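Enquirer: Residue numbers (our numbering), protein chains in the order written: chain G, 1 to 327; chain D, 1001 to 1372.
No lab work stands behind these hints: they were computed from the structure.
Be aware that one or more of the hints could be misleading.
[Claimed, not checked] SDA-like, lysine to any residue: derived pairs with alpha carbons at most 25 Å apart: (1) K100(G) x F88(G); (2) K1291(D) x I1213(D); (3) K33(G) x K1291(D); (4) K33(G) x E1320(D); (5) K33(G) x N1257(D); (6) K33(G) x G1307(D); (7) K16(G) x H196(G); (8) K33(G) x E1288(D); (9) K33(G) x I1218(D); (10) K46(G) x K1291(D); (11) K33(G) x A1350(D); (12) K16(G) x R52(G); (13) K23(G) x L109(G); (14) K33(G) x S1368(D); (15) K100(G) x K1291(D); (16) K23(G) x R108(G).
Please read these numbers as outputs of a predicted model, since none were measured by experiment.
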Amino acid sequence: MAALALARALNLGLRKALEANPKVVIMGEDVGKLGGVFRVTDGLQKDFGEDRVMDTPLAESGIVGTAIGMALRGWRPVCEIQFDGFVFPAYDQIVNQLAKLHYRSGGRLRVPLVIRIPFGGGIGAVEHHSESPEALFAHIPGLKVVACSNAADAYTMIQQAVACDDPVIFFEPKRRYWERGDVDLDIPLEDAFPLHAARVVREGRDATLLAYGPSVRLALDAAAAAAEDGRELEVIDIRSLSPLDWETVHHSVRRTGRCVVIHEAPVFVGYGAELAARVTEQCFYSLEAPVLRVGGFSIPYPPSRLEEHYLPDVERVLDAVDRVFAY
Amino acid sequence: MTVDSLHHTVAPAEAGPADPTLVQLLTPEGQRRGHPDFPLEIADDDVRALYRDMVALRRFDVEATTLQRQGELGIWAQVLGQEAAQIGSARALRPTDMVFPTYREHGVAWCRGIPPEDILQLFRGINFGGWDPAAYHVAPYTIVIGAHALHAVGYAMALQREPGNDSIAIAYFGDGATSEGDVNEAFVFAASYRAPVIFFVQNNQWAISVPEIRQSPIPLYQRAAGFGFPGVRVDGNDVLACLAVTRAAAAHVRAGNGPYLIEAFTYRMGAHTTSDDPTRYRLAAEVEAWKLRDPIERVKAYLSRSGAADADFFTDVDTEAERLAERVRAACVTMPDPGPLTMFDHVYAAGSAMLDAEKAAYAEYLASFEEA
Ligand SMILES: Cc1ncc(C[n+]2csc(CCOP(=O)(O)OP(=O)(O)O)c2C)c(N)n1
C-alpha cells in the first residue's frame, strides 16, 4: 500500500500498462518532456522512449484520427486531451469514427483506444478548462465512458481501460488530482474491482446518493454531515457511465427509497437525467420521494470567480436531501 | 539538414541575421537596414512612439505577472519577447480593421486602445473579456487554439461583400496553432474566396513544450505557397520590419489580392503561462541567445545612436510606464467579484423562461442563508 495522489496513481498505472504490453503507446500534446500539463505522464517518455510516448502536433482531430489508424494496425494508443474544452476538435473523429468502426465493420475492426480527459471545475481556470462534457460521450453508442474518483481506482481503472478492446473515454477529475489515497500497487489486474461496475463507497439505509468523478468526494462529505443529523446516506460511485452498472444502483435505491444524483454538469439533459429516469421507471414502487438532481445550472461554465456558485457543494446536496425527506 | 524518418527531428532553422529569407530593417545592434521588397520611410517621432508602446507593454506584462504571483490573477500569459511583433503589426492597421486575437495579444490590444486593466478581467476570472469587440474592433481573446482563424476569414468574406468597404481582418495565432485543422481550413477558405485577411503567426518557437519542428518540418511561412497565397518571414523582434511587412500585407490584402501569411520569427522569453515550467523542456542557453535579440533594446540603441532620443526621453518613457503599472495594479486589486446571479445573464439574446426560473430558484436559495 502506498499513499498516492490521484495523478501519481494514474502515472504509475500508465507505466504498468506500457510495461505490460509493448503495443501500448501514449500520444498527446506535451505528454513527453513536460509530462503533461498535469504531469500525469511524467517520466514516461524518458523511460519508454519517443516512439511510445509521443509529443504530437497541436491538433486534437489529428491525435485521435491517427490513433484510430494505429489501433487498426494492432497498437493500443492512449491519447491525452489536455483539457476537457479541447476535445471538441476531435469530436467528429470520436463520434463518427471511433465509436462506430467496430459496428460498421460487422465486428471485423477493433479500435482499442483510450482517450484521457481531465474534466470538471474547481481549479480556478480560465474558460474552456472546466467543462463537464460526459453526457455528450455517454450518449454515443459504441463508446465506453468511465470516470475515476480516487487514487486506488485511478491506478487500476486506467490499466483496465488500456486492456479493454473497445474505445474508452476516460474522465479524470482534475480537481482531485492532488488528493491522496491508499493504492495497492501489486494488485493483479484480474483481482481489481471491475472497470464497468459501480461501487457502494459508503453504506446507509435512509437515502442513496449517486455520484461519479469529482462529485464522489462531495457526496461522501455530505453523507458525513448528514450522519451528524442522524441520517444514514448510502453513497454510490457510478464509475462507469456507459455501460451503467444498473444492478448496484437498483439494489440500493430499492432499499433506501430515496435518491439524489450529483454531478457538476448542467442538470438539464445531463447524465443525471438518465439516472433519475431509470430509477423512477424501475424503482417506482420503492420510492418515497421523486429523484432529485444537484448539479450545474443551464449556463456556460461561468468565470472562475463564480464557480463556487455553479458547482454543487455540501449545502446544496444537503438541501436536496432535506427535500427528499420532506415528502 | 538531417532527417530521422521516425522522429522527424531536424536541426531547428537558424533564422539569424544571416538568413536571407528573414526580413529585417533594424539589426539587433540597432543598425538600420534596407529591404528591396519592404522599404520603410519612418519619422523619428514614430520610432519613438513605437518604443514607447513597447516599454509600456513590457511594464504592463511584468506587473500582470507579479499580480498573478500575488494571487490577484488566476493565470497570466506573458508576452515578454514578442513586443515588436505585436506592436509593429498592430500599428500597421487601420482602426476599422478587425483583429482576431489569441490569449497573448496584449500588445495588439494596447494598440487598439483597450485599457490594459480590462484585459486583466479575463485572467482574474470575473468575465471572459472586458471590452466591447465592436468598439475596439478586437474580438474576445480565443483560448481554443486556432478556432478564430476561421472567424477572421468569415469576417473578411463579409467585408468583401460590403461595397466600398476596404477594411480587412487579421488573425493572430502561434506556431503550434498552424497544426490545427481549423487553421488549415481557414487557409483553404481564405485562398479560395480571396478573402481580405492577414494570418499573423507569431512563431515564438514553442507550443508549450513542443518545439516548432514538431509542428512543421518546413518554415511556416512556406506553408502559404501550398495554399496559394504569399507568405513572408519577418524578424519578429524587429518592430520596424514588422510594421513594414504588415503594412505591405495590408495593402496587398486591401487591394483585393486575397490573403497573406506573415510569420514573425520571435521567441517567448517567459513561460507559456504562469502555470508552466519551461526549464523542463528548453535550455537556458537558448533563452540567453535570444536575449541578445531583444526587441526593445535594439530600438533604444538605434534612437540613442542616431541622436533621435536623449536620456530625458528614456527617463520619461520609463516614468510613464511606471505610472501605468501603478494604475493597472490599483484597478486590478479593487475589481469587485461579480454578483452570483450575474452568471445567468447573457446566455441567450432573447432570454429563456427556464433559465429565469433557475435564476429565481437560486436567488431564493441564497436568500435562505440570509434569513437563517
Ligand atoms: C484546441 C486546444 N488544444 C489545446 C490547448 C491547450 N494549449 C493552450 S496554449 C497551447 C500551445 C499553443 O502554442 P502556440 O499556438 O504556438 O501559441 P503560443 O502559446 O506559443 O503563443 C496549448 C496546447 C488549447 N488551448 N486549445
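Enquirer: Please go over all the hints and tell whether each is borne out by the structure.
Expert: So, going through the hints one by one against the coordinates:
| no. | hint | verdict |
| --- | --- | --- |
| 1 | K100(G) x F88(G) | holds, 17 Å |
| 2 | K1291(D) x I1213(D) | holds, 21 Å |
| 3 | K33(G) x K1291(D) | holds, 24 Å |
| 4 | K33(G) x E1320(D) | violated, 41 Å |
| 5 | K33(G) x N1257(D) | violated, 43 Å |
| 6 | K33(G) x G1307(D) | violated, 47 Å |
| 7 | K16(G) x H196(G) | holds, 20 Å |
| 8 | K33(G) x E1288(D) | holds, 21 Å |
| 9 | K33(G) x I1218(D) | holds, 23 Å |
| 10 | K46(G) x K1291(D) | violated, 30 Å |
| 11 | K33(G) x A1350(D) | violated, 48 Å |
| 12 | K16(G) x R52(G) | holds, 13 Å |
| 13 | K23(G) x L109(G) | holds, 17 Å |
| 14 | K33(G) x S1368(D) | violated, 51 Å |
| 15 | K100(G) x K1291(D) | violated, 52 Å |
| 16 | K23(G) x R108(G) | holds, 19 Å |
Of the numbered hints given earlier, the model fails hints 4, 5, 6, 10, 11, 14, 15; all others are met.
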